[in-house]
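Let the hints inform the model, and build the full structure from the sequences given.
Protein chains: 2
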Amino acid sequence: MEIKQLYEQVAEYLEQGDYQALRALLAEQEPFDLALVCEEIEEEKLPLVFRLMSKTLAAESFSEMSADIQESLIRRLSDTELKSVLDELYIDDTVDIIEEMPANVVKRILANSDPDSREQINTILNYPKNSAGSIMTVEYIRLERNMSVADAFVRIRRQGTEKETIYTCYVTDSNKTLVGVVTAMQLMLSDTDMLISEIMETNVISVTTDEDREEVARMMSSYDFLAMPVVDRDNRLVGIVTIDDAIDVVLEEATEDVEIMAGITPSDKPYLKAGVFETWIKRIPWLMLLMLSSTFTGAIISNYEESLSKLVILTAFIPMLMGTAGNAGGQTSVTVIRALSLGDVAPGDILRILWKEFRVSFLCGVSLAIVGYGKAVWLDGADPLVALVVSLTLLATVIAAKTVGCCFPVLIKRLGFDPAVVASPFITTVIDALALVVYFAVATALIPALN
Amino acid sequence: MEIKQLYEQVAEYLEQGDYQALRALLAEQEPFDLALVCEEIEEEKLPLVFRLMSKTLAAESFSEMSADIQESLIRRLSDTELKSVLDELYIDDTVDIIEEMPANVVKRILANSDPDSREQINTILNYPKNSAGSIMTVEYIRLERNMSVADAFVRIRRQGTEKETIYTCYVTDSNKTLVGVVTAMQLMLSDTDMLISEIMETNVISVTTDEDREEVARMMSSYDFLAMPVVDRDNRLVGIVTIDDAIDVVLEEATEDVEIMAGITPSDKPYLKAGVFETWIKRIPWLMLLMLSSTFTGAIISNYEESLSKLVILTAFIPMLMGTAGNAGGQTSVTVIRALSLGDVAPGDILRILWKEFRVSFLCGVSLAIVGYGKAVWLDGADPLVALVVSLTLLATVIAAKTVGCCFPVLIKRLGFDPAVVASPFITTVIDALALVVYFAVATALIPALN
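In order, the protein sequences belong to chains A and B. Position one of the first sequence corresponds to residue 1 (the numbering used here), numbered consecutively onward. Position one of the second sequence corresponds to residue 452 (the numbering used here), numbered consecutively onward.
Treat the hints with care, as some may be off.
[Unchecked claim] Pairs of lysine to any residue residues, derived as SDA-like cross-links and limited to a Cα-Cα distance of at most 20 Å, are as follows:
1. B:LYS534 x B:LEU497
2. B:LYS720 x A:MET219
3. A:LYS282 x B:VAL822
4. B:LYS506 x A:TYR223
5. A:LYS269 x B:ASP800
6. B:LYS720 x B:ILE732
7. A:LYS273 x A:ILE69
Hints were generated in silico from the structure; no laboratory data involved.
See below:
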């Protein structure tokens with residue numbers, strides 16, 4: 001059923017007060033779809049719909065809702081109701097919700113969590129943003145070396161419903177050190193009297209709590225893991241990151257990278273949920289910074305004011321030259337930034353990168369110079385000498401732009417910063433200035449009338 | 452162990468000819484790590500290392516290697532060896548490999564696959580690129596309604612090792628119609644004498660073979676699925692997409708989007724693997740197109756040549772105005788393109804998007820106009836009248852650029868194209884031209900000396 005139809009059906013039952021039919025309809029749906037429907041329902045009717053769902057379904061839908069609906073719902077639920085939802089939620093989902101809520105709602109959530117969960121929530125909240133610790137869950141199946149496969153099944157059957165995954169189980173020794181990993185598949189394919197120590201994988205790949213969450217997701221994708229164990233500095237198991245959270249990380253980080261490259265401070269709100277003022281704040285700093293940095297380009301042009309007034313046609317090519325240099329540099333910097341973030345290249349590869357970019361930029365520069373010459377003479381009606389200047393400038397600036405475009409991100413990465421965040425404003429400013437300086441230098445050298 | 456250390460150890464054992472130690476070392480490693488090590492080993496020694504791995508490990512590492520190593524290895528393996536690797540590979544991995552190989556290697560692969568696999572490979576190869584059909588696997592566990600949980604376990608134990616996942620099992624009726632889904636978790640938590648029909652989920656979410664693979668990955672992330680069933684037009688189950696392939700799709704699509712926005716034809720090769728000529732081909736069309744489209748901006752400037760020669764300082768502001776308009780438009784188009792591709796907005800939301808962008812662009816325009824005026828007067832030493840022209844142009848072009856930036860992607864999406872592919876070159880050209888036209892119009896209107 002399409003979401004729209006589902007919503008209309010829900011609204012109709014609400015209207016008619018046919019709660020029995022509504023309860024049956026809700027019970028059949030996916031939590032994610034119910035969350036979408038809840039976005040559309042009038043806020044006063046939300047708690048009613050919510051109460052008609054089973055406890056598990058209510059909790060699962062709740063964790064899929066957007067922050068404002070969650071907040072409105074929390075405010076309308078009684079303490080007992082809130083407590084029962086929180087009991088059903090996985091700890092990492094509770095943490096995600098808390099991170100979006102205002103202080104007074106957070107207080108109510110913590111007050112209605114049981115002491116154990118409260119402690120775990122606080123631990124996870126204390127890990128740095130974007131770290132493995134901040135996205136892990138503490139609800140996993142722990143096994144012991146000397147258990148039999150049959151024992152393991154008993155434990156899984158007893159604890160399974162409260163755990164975020166049962167498909168990867170972790171084996172720890174008496175001081176919680178991670179010593180092995182067993183998948184549900186291995187358990188199901190082994191004889192029930194075998195020992196866990198006989199079937200477990202001992203070469204365990206794990207991450208520490210402070211590992212970057214993007215790196216965790218990338219490792220999970222490389223190793224095809226459904227869960228990644230997270231350990232502290234003493235290799236004691238403290239949590240796991242599950243694949244559903246890893247895929248969310250990949251989606252969020254991709255959006256962030258795209259936003260950063262377009263000069264926007266990343267936001268984790270969906271487009272239409274972000275307010276006008278908030279959107280302005282995310283966009284204006286970069287626009288302002290680049291506008292102010294154009295003082296350089298303006299100053300370079302003013303410096304050659306006399307030459308320009310002698311041969312105004314030179315002005316007509318400025319946007320094209322700066323634009324082409326910017327595009328050429330942008331292609332390289334974006335490619336190198338993405339390759340760095342995918343782990344395809346490391347800062348140590350700088351010489352190989354430079355050599356490759358030099359050859360590519362030479363090919364690009366030559367092709368653009370040839371076509372640019374023709375365009376200047378036949379399309380723009382420029383003098384052959386001016387066309388030659390434009391053509392040589394294209395060749396030189398494309399090579400320079402691509403060199404800058406590959407060196408900056410690598411340099412910034414080596415200095416320990418995120419290339420996507422720092423690279424673009426510098427690169428744009430440097431390339432714009434370079435294009436103009438080269439243009440005027442070539443022009444004054446080749447055109448006698450300018451001297 | 453770090454990859455570098457691992458490689459050195461492997462190289463040492465190879466040197467010493469200590470194949471027993473090498474075999475033991477290899478057996479402990481993750482397939483992904485072995486693939487990385489194989490990238491470094493001399494090509495002549497590859498088959499030797501490969502033969503020291505167990506059949507399963509060899510196949511799993513093989514599917515993680517880069518295309519050129521795979522090709523070199525296939526050429527060096529005997530038909531019997533190749534056959535044994537292919538028998539171990541999952542069908543969808545074989546398809547991925549075939550897609551990268553030259554025709555004669557493909558022929559050898561198909562000749563050494565068993566007839567059943569060959570038919571399945573051909574079926575998957577026939578689905579359009581980027582469709583669900585092209586990334587699905589046909590190796591999943593199929594159950595029947597009237598089986599008991601115990602029967603299901605027997606089937607899983609018998610077929611499990613050959614299936615890509617056993618964690619989600621699919622229930623079909625006699626003509627292969629998908630009627631339900633059961634997770635391994637449900638099986639493990641249910642009594643062994645219950646019937647599959649009693650525990651299966653009947654409200655099954657599935658996709659058709661021609662669904663876009665990015666949409667499939669997004670649905671799997673929304674619904675937290677480990678696998679998504681793929682059905683034909685008659686709702687008959689033909690395959691499944693597993694989460695490891697979905698996460699690869701998300702990573703690849705994000706890289707593609709970033710490349711497209713930077714004006715590069717997407718490539719699926721890692722940065723250093725792509726040749727110079729190949730890289731040039733991916734980059735030059737966009738550089739060429741944008742250079743040629745700058746004929747418009749050049750023509751606009753030439754048209755106002757006379758005004759510019761009267762007041763050359765006007766030229767100094769051209770890069771800043773075009774740059775700011777381009778940045779403002781880029782912020783909006785990138786945000787809207789990403790929101791469209793994440794499903795946060797739909798073309799029907801155009802009025803809400805326009806209204807939001809109008810208010811944001813007004814705020815941005817006013818802030819830039821104020822700061823831009825100050826900068827022109829105090830930093831660039833411009834006449835107050837010129838500064839006013841610059842300032843008003845900023846306000847008008849930022850609003851115009853953001854309007855263009857949000858309308859184009861939505862329009863292109865509505866026409867059925869991918870906004871990321873088509874939007875950027877048009878948007879850039881239109882915004883550049885707009886900025887100049889507005890600038891000269893305002894200048895001629897306000898500065899008497901120009902008339």
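So, going through the hints one by one against the coordinates:
{"no.": "1", "hint": "B:LYS534 x B:LEU497", "result": "17 Å, holds"}
{"no.": "2", "hint": "B:LYS720 x A:MET219", "result": "19 Å, holds"}
{"no.": "3", "hint": "A:LYS282 x B:VAL822", "result": "17 Å, holds"}
{"no.": "4", "hint": "B:LYS506 x A:TYR223", "result": "18 Å, holds"}
{"no.": "5", "hint": "A:LYS269 x B:ASP800", "result": "17 Å, holds"}
{"no.": "6", "hint": "B:LYS720 x B:ILE732", "result": "14 Å, holds"}
{"no.": "7", "hint": "A:LYS273 x A:ILE69", "result": "11 Å, holds"}
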